[in-house]
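Enquirer: Take the UniProt record's numbering: the final residue in the sequence shown is number 238, and no numbers are missing along the way.
Check each hint, because a few of them may be wrong.
Distance condition first, Cα-Cα at most 20 Å in a straight line; then the derived EDC-like pairs of lysine to aspartate or glutamate [said to hold, decoys possible]: (1) Lys-57 to Asp-40; (2) Lys-15 to Glu-36; (3) Lys-167 to Asp-144; (4) Lys-227 to Asp-157; (5) Lys-22 to Glu-36; (6) Lys-167 to Asp-141; (7) Lys-197 to Asp-144; (8) Lys-8 to Asp-86.
Quick caveat, the hints were computed from the structure, so don't treat them as lab data.
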Amino acid sequence: MIKGSVGKGGKNNPKDVLVIQKLINYHIGELAPLKEIKLDGRYGEETANAIRQFQSKNAISTSELIEPYSVTIQALSPIRYASPTDPIGKQRTSDGYGQGYHGASRGKRKHDGMDVVTRPGKPIYAPLSGIITRLSVPYKDGTDYKKLLGLMIEASDGTTCKIWYIKPLPNIVGRVVEAGKTIIGTSETLQNRYPPKKSKPIPHQKPFYGDMTDHVHVRLHSLKGGKIDPERVIPVVK
Numbered sequence: 001m002i003k004g005s006v007g008k009g010g011k012n013n014p015k016d017v018l019v020i021q022k023l024i025n026y027h028i029g030e031l032a033p034l035k036e037i038k039l040d041g042r043y044g045e046e047t048a049n050a051i052r053q054f055q056s057k058n059a060i061s062t063s064e065l066i067e068p069y070s071v072t073i074q075a076l077s078p079i080r081y082a083s084p085t086d087p088i089g090k091q092r093t094s095d096g097y098g099q100g101y102h103g104a105s106r107g108k109r110k111h112d113g114m115d116v117v118t119r120p121g122k123p124i125y126a127p128l129s130g131i132i133t134r135l136s137v138p139y140k141d142g143t144d145y146k147k148l149l150g151l152m153i154e155a156s157d158g159t160t161c162k163i164w165y166i167k168p169l170p171n172i173v174g175r176v177v178e179a180g181k182t183i184i185g186t187s188e189t190l191q192n193r194y195p196p197k198k199s200k201p202i203p204h205q206k207p208f209y210g211d212m213t214d215h216v217h218v219r220l221h222s223l224k225g226g227k228i229d230p231e232r233v234i235p236v237v238k
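Start from the sequences, fold in the hints, and give me the full structure.
Expert: The structure is reproduced here in structure tokens:
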């Protein structure tokens with residue numbers, strides 16, 4: 001979320017300062033009579049005062065400094081998870097292309113993520129609170145590769161979330177999002193990329209038939225890159 005320290009005696013990289021300014025503005029209603037900070041990426045008295053007020057109000061510290069992954073930044077953006085659909089979506093089960101649970105077989109690899117069933121055009125919500133850092137592109141070529149897009153969300157503890165097969169809202173990168181409350185885009189269809197088929201039988205399982213089930217794909221990684229099973233933290237109907 002931020003790479004270096006922001007505040008009194010901090011590194012105050014403009015990109016990091018801008019993130020803190022956005023997060024503080026998200027809480028500005030709690031800091032009356034303060035007004036919204038100008039989003040300019042510059043650490044000055046206005047930003048310093050807002051950091052000071054936020055830390056004081058939340059009884060965090062009086063350091064006037066925000067370090068990456070610190071108590072202050074996690075108070076500014078608490079770790080929260082939620083379903084990307086409303087109501088809570090169903091987990092993709094068996095279809096012509098396999099199954100959508102975390103760890104499902106993908107030939108020589110395992111499914112790194114969880115698939116939540118949806119319908120094209122439906123609103124998709126942030127599954128993780130944090131900052132949208134960039135677009136995430138699932139495919140480099142093939143049918144619909146320029147249309148089937150995704151987003152990367154980074155939480156205050158360094159957890160990252162990729163959510164795929166959506167049409168992101170315009171200018172969404174850089175926004176503060178709240179899990180289950182902030183709409184980040186709409187779902188796309190997978191029918192063009194994955195036409196109906198009968199797949200090869202899997203030993204000890206029934207063959208899969210039919211279409212690919214339209215869904216969004218949610219993938220979570222820890223700060224150090226470890227895989228996180230989304231089913232443990234994100235509600236889904238099984």
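Enquirer: Within a Cα-Cα threshold of 20 Å, do Lys-167 and Asp-141 meet the stated pairing?
Expert: 17 Å, holds
Enquirer: Given the hint that Lys-22 pairs with Glu-36, does the C-alpha gap stay at or below 20 Å?
Expert: 9 Å, holds
Enquirer: Checking one constraint from the list: CA of Lys-57 to CA of Asp-40, max 20 Å. Satisfied?
Expert: 24 Å, violated
Enquirer: Does the alpha-carbon distance linking Lys-167 and Asp-144 stay inside the 20 Å limit?
Expert: Roughly 12 Å between the alpha carbons, so the hint for Lys-167 and Asp-144 holds.
Enquirer: Does the alpha-carbon distance linking Lys-8 and Asp-86 stay inside the 20 Å limit?
Expert: This hinted pair is violated, its Cα atoms lying about 42 Å apart.
Enquirer: Take a quick look at whether Lys-227 and Asp-157 sit within 20 Å of each other, Cα to Cα.
Expert: Given pair Lys-227, Asp-157 holds - Cα atoms ~15 Å apart, limit 20 Å.
Enquirer: Taking only the CA atoms, is the gap from Lys-15 to Glu-36 under or equal to 20 Å?
Expert: 18 Å, holds
Enquirer: Measure nothing beyond the straight line between the CA atoms of Lys-197 and Asp-144; if it is 20 Å or shorter, mark the hint as holding.
Expert: 18 Å, holds
Hint compliance for this structure: hints 1 and 8 are not met, and every other hint is.
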